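Using the sequences plus the hints, can you model the full thing?
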Amino acid sequence: MTALLTIDNLVAGYGKLPVLHGISLQVNEGRMVAIIGPNGAGKTTLTRSVMNLVNVMSGRVSFAGQEITGLPTQEIARCGIGFVPQTRNVFGSLSVQENLEMSCTPLPRARHRSAIDAVYDRFPRLVARRSQAGRSLSGGERQMLAIGSALLAEPRMLILDEPVTGLSPHLTDEVSRGIAAIKETGVTVIWVVEENPQQVIALSDEVAVMQTGTIALQKPSAEILAADNFRELFLGV
Numbered sequence: 001m002t003a004l005l006t007i008d009n010l011v012a013g014y015g016k017l018p019v020l021h022g023i024s025l026q027v028n029e030g031r032m033v034a035i036i037g038p039n040g041a042g043k044t045t046l047t048r049s050v051m052n053l054v055n056v057m058s059g060r061v062s063f064a065g066q067e068i069t070g071l072p073t074q075e076i077a078r079c080g081i082g083f084v085p086q087t088r089n090v091f092g093s094l095s096v097q098e099n100l101e102m103s104c105t106p107l108p109r110a111r112h113r114s115a116i117d118a119v120y121d122r123f124p125r126l127v128a129r130r131s132q133a134g135r136s137l138s139g140g141e142r143q144m145l146a147i148g149s150a151l152l153a154e155p156r157m158l159i160l161d162e163p164v165t166g167l168s169p170h171l172t173d174e175v176s177r178g179i180a181a182i183k184e185t186g187v188t189v190i191w192v193v194e195e196n197p198q199q200v201i202a203l204s205d206e207v208a209v210m211q212t213g214t215i216a217l218q219k220p221s222a223e224i225l226a227a228d229n230f231r232e233l234f235l236g237v
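Per the UniProt record's numbering, the sequence shown starts with residue 1, numbered consecutively.
Take these hints with a grain of salt, some might be off.
Here are the simulated lysine to aspartate or glutamate pairs, EDC-like style, with alpha carbons at most 16 Å apart [stated by the list, open to error]:
#, residue 1, residue 2
1, Lys219, Asp205
2, Lys183, Glu67
3, Lys183, Asp121
Hint data in this document are derived by calculation from the structure and do not stem from the laboratory.
On a predicted model such as this, the values are computed, not experimentally measured, just so you know.
Following this line, the structure appears as structure tokens:
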């Protein structure tokens, strides 16, 4: 398999305080990788370091064979990486439809309608809410809209930071299935999970387990779920 994202000996954090301590990670094209670990392990910092949203002190990040370490975030996005942070950023004063239309600007106008229809196909719950303001949506609906908006840039890789945290079991299942379907279109997916990891792991191809700013191991999902020390790996206890 071809490596799409390669992180080599990365040290990163906030100000002068490192949170990641020499992390190395490889994500192959077309794969779905879950990043798990206890609170404070550095999962969010890892996703933000790929997008140059934290202080990268040393190490190297490469995407599709090109080094992107230190590039402006907008340029990294143009390389083909979509990023949906925990905050589920949507335009609260705009309707669902208007949010999606705003996200279509990189595409030729002739493709806007079909691209937006594809988002509605991916997340059918949004269809009935297309006229609702972003601020009126539930947490799960905002997550669907944020992911759909990111997909309109047609990324090769989508990074999702805790996309199902705080959602009801029903919405967790709905969002998770929508994300899994994205991978079937050929988009490489990295998603971070903090709560109830079993479903996310079962849908993923591989799992990277983080502990105290390092990657403790990276293995196929089936091996992680079958591990006798699964609770220890996830909770750090």
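Here is how each hint holds up against the structure:
Taking the CA atoms of Lys219 and Asp205, the gap is about 9 Å. The hint holds against a cut of 16 Å. At most 16 Å may separate the alpha-carbon atoms for a hinted pair to count; Lys183 and Glu67 exceed this at roughly 24 Å. Using a Cα cut-off of 16 Å, the hinted pair Lys183 and Asp121 holds, with the two alpha carbons roughly 15 Å apart.
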